[in-house]
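The chain contents come next:
2 protein chains.
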Amino acid sequence: MSNAAATIRASAADLARRLDLCLAEAGASEASRGACVAALLHASRLGVDSHGARLVVHYAEVLREGRVNGDPQLRVTRTGAATAVVDGDDGLGHFAAYRAAREAVDLAKEAGVGAVGVVRSSHFGAAGAYAKAVADAGMVGFATTNSDSAVALFGGAAPFHGTNPLAFAAPSGGERPWLLDMATSSIPFNRVFLYRTLGLELPEGVAADGDGAPTRDARATEMLLPAGGPEFGFKGAGLAGVATVLSAVLQGMAIDPAMLPMAGEAVDKRTPRGMGHFVLAIDPACFGGAAVFEAGMRSYLAALRGAPARPGESVMAPGDREWRTERERERDGIPVDPETARFLGLDR
Amino acid sequence: MSNAAATIRASAADLARRLDLCLAEAGASEASRGACVAALLHASRLGVDSHGARLVVHYAEVLREGRVNGDPQLRVTRTGAATAVVDGDDGLGHFAAYRAAREAVDLAKEAGVGAVGVVRSSHFGAAGAYAKAVADAGMVGFATTNSDSAVALFGGAAPFHGTNPLAFAAPSGGERPWLLDMATSSIPFNRVFLYRTLGLELPEGVAADGDGAPTRDARATEMLLPAGGPEFGFKGAGLAGVATVLSAVLQGMAIDPAMLPMAGEAVDKRTPRGMGHFVLAIDPACFGGAAVFEAGMRSYLAALRGAPARPGESVMAPGDREWRTERERERDGIPVDPETARFLGLDR
Chain A
1 MSNAAATIRA SAADLARRLD LCLAEAGASE ASRGACVAAL LHASRLGVDS HGARLVVHYA
61 EVLREGRVNG DPQLRVTRTG AATAVVDGDD GLGHFAAYRA AREAVDLAKE AGVGAVGVVR
121 SSHFGAAGAY AKAVADAGMV GFATTNSDSA VALFGGAAPF HGTNPLAFAA PSGGERPWLL
181 DMATSSIPFN RVFLYRTLGL ELPEGVAADG DGAPTRDARA TEMLLPAGGP EFGFKGAGLA
241 GVATVLSAVL QGMAIDPAML PMAGEAVDKR TPRGMGHFVL AIDPACFGGA AVFEAGMRSY
301 LAALRGAPAR PGESVMAPGD REWRTERERE RDGIPVDPET ARFLGLDR
Chain B
1001 MSNAAATIRA SAADLARRLD LCLAEAGASE ASRGACVAAL LHASRLGVDS HGARLVVHYA
1061 EVLREGRVNG DPQLRVTRTG AATAVVDGDD GLGHFAAYRA AREAVDLAKE AGVGAVGVVR
1121 SSHFGAAGAY AKAVADAGMV GFATTNSDSA VALFGGAAPF HGTNPLAFAA PSGGERPWLL
1181 DMATSSIPFN RVFLYRTLGL ELPEGVAADG DGAPTRDARA TEMLLPAGGP EFGFKGAGLA
1241 GVATVLSAVL QGMAIDPAML PMAGEAVDKR TPRGMGHFVL AIDPACFGGA AVFEAGMRSY
1301 LAALRGAPAR PGESVMAPGD REWRTERERE RDGIPVDPET ARFLGLDR
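From first to last, the protein sequence lines are chains A and B. Per the numbering used here, residue 1 is the first one in the first sequence, and the count goes up by one each step. Per the numbering used here, residue 1001 is the first one in the second sequence, and the count goes up by one each step.
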């Protein structure tokens, strides 16, 4: 890339230290910022830069403005033999969500499956971080959240759902886990911003103008379209609803159109957003058995990766691209955009 | 439609009676065929004709040939406080799957959430039937199955995953439930067959020729493409994997490319297919509470249905189209295609 010279690279350890320092200065407690740094590094290491280190600028601002509680006292309430609710006390969402993942694993160890809701939370970064935390404990993980309106309904003329991610992960027998972390829109809004800067045309059927009419013009884009494209967007819209039902309706938290927007000039950064999340852990020991599952994942992934590809293409399991990026970034460092690098003092 | 005169319509009660009789004649026990009839009518009433009454022709054949056990003895094993495995004894998949849904609800009543695997099963019809069964019991339901290879991987040149459905349902406070029952391919293979007959062009990015190259020619189509289309098909392929991981790998059952094909001239119809399924039930009482959930679903659905639509379009919640069809078919009867009508004796 032509601006490669301007991109600063940092080691994961250095980046973690600087993120921690910035969040501490913004008033986040050691425990809550530790979770946030872990989630940001998860994304930054894997190449999910939209949900990586750059978010620290936003988190520091909302910590300072008061929307996010710097010293949250999490309350975990077990509500059934396999269920719990984590009250995030309006702290950094990563803190509550990692706690929920741990609780889901603990419940699943006892009951075979664990389902944990999170209430009174905030933006939690990449959903995949929490699904992966469950997989790292040897279980099948699922994590989701809803978010503020950005995506039209199928046939809709206004933003309704957020980009509502669904993240699934499964241990793969010693290798990096199978990891699917997907927005239920085709693209994130960050891609629109990037394409505006670069003057590029968006793919067909992923964005719409202010009336909901599909457009490929990034400058005219005012909302996203649900995954599935112009004819099958009802699938993406339905899946966005899965995130909303589990994260908001089931937890008694704000649905997407009622949620305070995350960012923007005019946005209230003092009032907590009352976000909900949902995390699930499933213990393979209570189904076919841990050994069967491990062997099965190996054989499934071997079959998938060995499947014939079209000329010039390759077939990959969910996560494979991310693990490759992780290896590259371990070797070369993590690229940090200029604004974030400045904020973190990486340019000095 | 021009062939409306040729379409025979039957009441749900008459159709149920005839389906039951045909399955009895093919050797299915009262309990197993009762579940099958319920699942077929779920689909036929809601307009999901690909998974409705027409499947009886196939089920009767595989019951007669021996692939499907006409007198399955289900074995339900509780494996944790919130988990169980249903052994389908190679009977009709609907029998095992409805049993799994009931077990998941019972477990969730005790533990807050219930996760049930199904092993040694067979084709179970529409996944939505089992998610809806959970919702009808007042809980959030999820049901999935994998199926034999029909869909290319993203970038792939051969069928790998099946059309692997994901079905979610949630009670909606007295109204018909919120119900999302989606294949993880854009279209089902039946649409290809239909378009071949009608000489119509397929939508872009939903089907491929024998080399995996996208085609709009139904006659040239040899595999489907994953939901998400030409640029975002990794999402559909990843979601198909969710079905495979939960239904096959977690249960120790056959993954999609290893599964005996469902149909076709040369297919072995004597050997059980060893299919797995997965059903989940989540009790709102263990999260925000049943009343909060009910009020939340009402308000979410009101907001969604009231969202502005593009000119000439309408916005709908998942299931709304199906419930409208159900009302129409209650009034007008269920249309049955000529072959199935003949098979059921509806033409006499």
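In case anyone wonders, no lab produced these hints; they're calculated from the structure. Where a beta carbon is used, it is the ideal one built from N, C-alpha and C, also for glycine. Any given hint might turn out to be false.
Calculated pairs, SDA-like style, for lysine to any residue (alpha carbon to alpha carbon, straight line, at most 25 Å) [unchecked claim]:
1. A:K109 - B:V1076
2. A:K109 - A:A16
3. A:K109 - B:K1269
4. A:K109 - B:T1077
5. A:K109 - B:P1257
6. A:K109 - A:D49
7. A:K109 - B:A1285
8. B:K1269 - B:P1257
9. A:K109 - B:A1263
10. B:K1109 - A:D87
11. A:K109 - B:K1109
12. B:K1109 - A:A38
13. A:K109 - B:D1087
14. B:K1109 - A:D106
15. A:K109 - B:A1295
16. B:K1109 - B:P1257
The following label-pair restraints were derived from C-beta to C-beta distances [said to hold, decoys possible]:
17. B:Q1073 - A:R324: 43 to 53 Å
18. B:A1220 - A:A303: 46 to 56 Å
19. A:P311 - B:R1342: 29 to 39 Å
20. B:D1211 - A:E175: 28 to 38 Å
21. B:L1260 - A:Q73: 47 to 57 Å
22. B:V1267 - A:A303: 51 to 61 Å
Hints, one by one, checked against the model:
A hinted pair counts as satisfied when its Cα atoms are at most 25 Å apart, and K109 (chain A) with V1076 (chain B) qualifies at roughly 21 Å. Distance check on the hinted pair: K109 (chain A) and A16 (chain A) sit about 31 Å apart at the alpha-carbon level, beyond 25 Å; violated. The suggested pairing of K109 (chain A) with K1269 (chain B) is violated, with an alpha-carbon distance near 40 Å, which exceeds 25 Å. As the CA atoms of K109 (chain A) and T1077 (chain B) are separated by approximately 18 Å, the hinted pair is consistent with the 25 Å bound.
The suggested pairing of K109 (chain A) with P1257 (chain B) is violated, with an alpha-carbon distance near 32 Å, which exceeds 25 Å. Taking the CA atoms of K109 (chain A) and D49 (chain A), the gap is about 33 Å. The hint is violated against a cut of 25 Å. Between K109 (chain A) and A1285 (chain B) the alpha-carbon distance is near 22 Å, which keeps this suggested pair within the 25 Å criterion. Restraint check: the Cα-Cα separation between K1269 (chain B) and P1257 (chain B) comes to about 17 Å, which is no more than 25 Å; the hinted pair holds.
Distance restraint check for K109 (chain A) and A1263 (chain B): the Cα-Cα separation of roughly 40 Å exceeds the 25 Å cut-off, and the hinted pair is therefore not satisfied. Taking the CA atoms of K1109 (chain B) and D87 (chain A), the gap is about 23 Å. The hint holds against a cut of 25 Å. Of the pairs offered as hints, the one joining K109 (chain A) and K1109 (chain B) holds, with about 19 Å between alpha carbons and a cut-off of 25 Å not exceeded. Taken as a hint, the K1109 (chain B) and A38 (chain A) pair is broken in the structure, with Cα atoms around 36 Å apart against an allowance of 25 Å.
With a CA separation close to 23 Å, the supplied pair K109 (chain A) and D1087 (chain B) stays within the 25 Å bound. Taken as a hint, the K1109 (chain B) and D106 (chain A) pair is honoured in the structure, with Cα atoms around 20 Å apart against an allowance of 25 Å. Taking the CA atoms of K109 (chain A) and A1295 (chain B), the gap is about 33 Å. The hint is violated against a cut of 25 Å. Restraint check for K1109 (chain B) and P1257 (chain B): the C-alpha separation of about 37 Å exceeds 25 Å, so the hint is violated.
Between Q1073 (chain B) and R324 (chain A) the beta carbons are some 49 Å apart, a value that agrees with the proposed interval 43 to 53 Å. Take A1220 (chain B) and A303 (chain A): their Cβ atoms lie about 26 Å apart, and the range 46 to 56 Å is violated. Distance hint for P311 (chain A) and R1342 (chain B): a CB-CB separation of about 46 Å, inconsistent with the stated range 29 to 39 Å. At about 30 Å, the beta-carbon gap between D1211 (chain B) and E175 (chain A) stays in the expected band of 28 to 38 Å.
Checked against the hint of 47 to 57 Å, the pair L1260 (chain B) and Q73 (chain A) passes, with Cβ atoms roughly 55 Å apart. As the Cβ distance of V1267 (chain B) to A303 (chain A) is approximately 20 Å, the hint placing it in 51 to 61 Å is violated.
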